[in-house]
Amino acid sequence: MHPALLLLTDSRLPAGGHAHSGGAEQAVASGAVHDLPSLSAFLRGRLHTSGRVATAFAAACCAACGAARAAPDAPPGTPPWTGLDAEADARTASPAQRAASRIQGRLLLRVARRVWPAPALDSLALAVPDPHHPVALGAAAHAAGASPGDAALAAAYHAVTGPATAAARLLGLDPVEVHRLLADLAPDLKELASLVSGPETAWAELSAHSAPALDLLAERHARAAVRLFVS
Amino acid sequence: MTADALPPADRHAMRARAFVATSLSGGRTVVSGLGSAPPLTFRQTGARTVHLVSTAAGPLGGDRLRLDLDVAPGTSLDVGSVASTLVLPGEGESHLLITARVGAGASLRFAPEPTVLAAGCAHRLTVRLALAADARVLWREEIVFGRYGERPGRCHARFDATSDGRPLLRQEHVVGDPALDTSSAIYGTARCVGTTLVTPLVTPGPACREAVVGDGVAVLPLAGPGVLVSALAPDAVALRDRLEWGEALASAPSGAG
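For the record, the sequence lines run as chains A and B.
Read left to right, the first sequence gives residues 1 to 231 (our numbering).
Read left to right, the second sequence gives residues 1 to 257 (our numbering).
Treat the hints loosely; a few may be bogus.
Sample of chain A residues with no beta-carbon within 12 Å of chain B, all distances over it, derived [to be verified]:
id, residue
1, Val28
2, Arg44
3, Leu47
4, Val176
5, Pro199
6, Glu205
Here are some of the chain A residues that sit facing chain B, going by a computed Cβ distance under 8 Å [as the list claims (entries may be wrong)]:
id, residue
7, Gly23
8, Ala41
9, Thr49
10, Glu87
11, Pro95
12, Arg169
13, Lys190
14, Glu191
15, Ser207
16, Ala208
Pair ranges (Cβ atoms, derived) [stated by the list, open to error]:
id, chain 1, residue 1, chain 2, residue 2, range
17, B, Ala133, A, Lys190, 37 to 45 Å
18, B, Ser25, A, Lys190, 57 to 65 Å
19, A, Leu182, B, Arg15, 44 to 52 Å
20, B, Gly92, A, Pro119, 44 to 52 Å
21, B, Ala133, A, Pro119, 30 to 38 Å
22, B, Leu97, A, Val226, 40 to 48 Å
Note that these hints are calculated values from the structure, not bench results.
Please read these numbers as outputs of a predicted model, since none were measured by experiment.
Beta carbons are placed, not taken as given, at the ideal position from N, Cα and C, and that holds for glycine.
Please model the entire structure based on the sequences and the hints provided.
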């Protein structure tokens, strides 16, 4: 693991991640998540669906940056960001989730360009000013010197830590117990990062695991009169 | 497992391909190609309507089935089925591959009865849908997690739709891991999951560009030209009701909402 990964996944990175609960706030509001076991099931489900897609895209984008750098005569604008971003769009049916992903992607890209300036990040900002978060994360990981596997791990971690801390606050759960749940997910994180496919895999074939309940929660949340988290 | 979930003793794994093709003749749609192979058997039930009738149990584990739909430019086709598909266990995994091409100005309605995952089954469902830029489609898929009171077997469904060569919708649904199935992020307490992809007749107006949420159902405008109705329900009847509610909203011409 590259040390920059610690910075990229730190909730203190000023990239706005703390404003999002990844559906956890609405899951709490609906009563579906109400204690530690139900939170654990929610997190595991989130990790193996939208988290799995995020790991695939973060790794693919990180690898695409490496491939573009390996070809110095590649035209400006490569890696082919719009294609990757469109593939992420096709896997995000919920408009509320697309918006949440793009807000977080834009903020992360802005921070990463200042912390780890790199041509790949500039080309991403030019092609897609508000990329999906896993796309931005993959590019940022590459700019920071991390590998596609690292980028995948960061994406998997991001898929569960924000929702976990949001639920801990909303339900007043013991934060130590919530962190124990996260620690229990470590083997799943490792498994997902290891599933990431090689650079020869076409983007069309990347994981597309969907979470119908998360889609419903996201849209319901976007219409909620009172909410603490953006998503 | 109930006794009737067991495969017939003399039933061997099947490899079969069925197809439907349309063409334009004098400005009207004709079903110009119709090929059946057990257990996939088509009957033409209208000028532009075909139904799948089951002529063998299954699919069963080990079966490799393929269904190809080719809707020529300017034609329309309606595909249904007379009964739900009961996926049964057998030797290894069953696989159903469905490909569909919908040409320019063509329209396809694909709305078969649900796929029911019997206990012990291991099924893969792969759908590849290629739409021309102005093709219309209503594509419904319903998966029921076992018969009444039954725990489902395993299923991995992958759906890939492109519009004018660009990705429109890619989804995978995995069923059969109890720890994940009951997660409130995935299916929660639902016993069925269903989706309908609708690409409307006209460019949707503002009313169709907003997501709509009902009880267990969401109407989701995609980033590309289409709307996904996504529903969860305790039973197949409620699932169909929820999907049809969403389909009516998704299909409404602009300004009607």
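Against the structure, the hints:
Consistency note on Val28 (chain A): stated as away from chain B, yet its beta-carbon is not over 12 Å from all of that chain's, at 10 Å minimum. Arg44 (chain A), annotated as away from the interface, has a beta carbon of chain B within 12 Å; the closest lies near 6 Å. For Leu47 (chain A), the condition that its CB be more than 12 Å from all CB atoms of chain B is violated, with the nearest at approximately 9 Å. For Val176 (chain A), the requirement that its beta carbon stay farther than 12 Å from each beta carbon of chain B is met, with the minimum near 23 Å.
Every CB of chain B is more than 12 Å from the CB of Pro199 (chain A) (nearest about 19 Å), matching its label as outside the interface. Distance check on Glu205 (chain A): its Cβ comes as close as 9 Å (rounded) to a Cβ of chain B, failing to clear the 12 Å threshold; non-interface status is violated. For Gly23 (chain A), the interface hint holds, since its Cβ comes within 8 Å of a Cβ in chain B; the closest pair sits about 7 Å apart. Taking 8 Å as the C-beta cut-off, the interface hint given for Ala41 (chain A) holds, the closest approach to chain B being about 5 Å.
Checking Thr49 (chain A) against chain B by beta carbon gives a least distance of about 6 Å; that is within 8 Å, so the hint holds. Given hint, Glu87 (chain A) at the interface with chain B, holds; its Cβ is 5 Å from that chain's nearest Cβ, closer than 8 Å. Evaluation of the Pro95 (chain A) hint against chain B yields a held restraint, the C-beta minimum of about 5 Å falling below 8 Å. Annotation: Arg169 (chain A) was flagged as interfacial toward chain B, and the flag is violated, the nearest CB pair being 18 Å apart, outside 8 Å.
Hint status for Lys190 (chain A): violated, given a least beta-carbon distance of 17 Å to chain B, over 8 Å. Because the smallest distance between the Cβ of Glu191 (chain A) and any Cβ of chain B comes to about 13 Å, over 8 Å, the interface hint for this residue is violated. Hint status for Ser207 (chain A): holds, given a least beta-carbon distance of 7 Å to chain B, under 8 Å. The beta carbon of Ala208 (chain A) comes within 4 Å of a beta carbon in chain B, closer than 8 Å, and the hint placing it at the interface holds.
At about 43 Å, the CB distance of Ala133 (chain B) to Lys190 (chain A) agrees with the hint of 37 to 45 Å. A beta carbon spacing of about 59 Å between Ser25 (chain B) and Lys190 (chain A) agrees with the range 57 to 65 Å that was offered as a hint. Checked against the hint of 44 to 52 Å, the C-beta distance between Leu182 (chain A) and Arg15 (chain B) comes to roughly 46 Å, which is consistent with it. Range check, Gly92 (chain B) to Pro119 (chain A): Cβ separation about 49 Å, and the 44 to 52 Å hint holds.
At about 34 Å, the beta-carbon gap between Ala133 (chain B) and Pro119 (chain A) stays in the expected band of 30 to 38 Å. Leu97 (chain B) and Val226 (chain A) have their C-beta atoms about 47 Å apart, which keeps the hinted 40 to 48 Å range intact.
This entry does not satisfy hints 1, 2, 3, 6, 12, 13, 14, going by the numbered hints stated previously.
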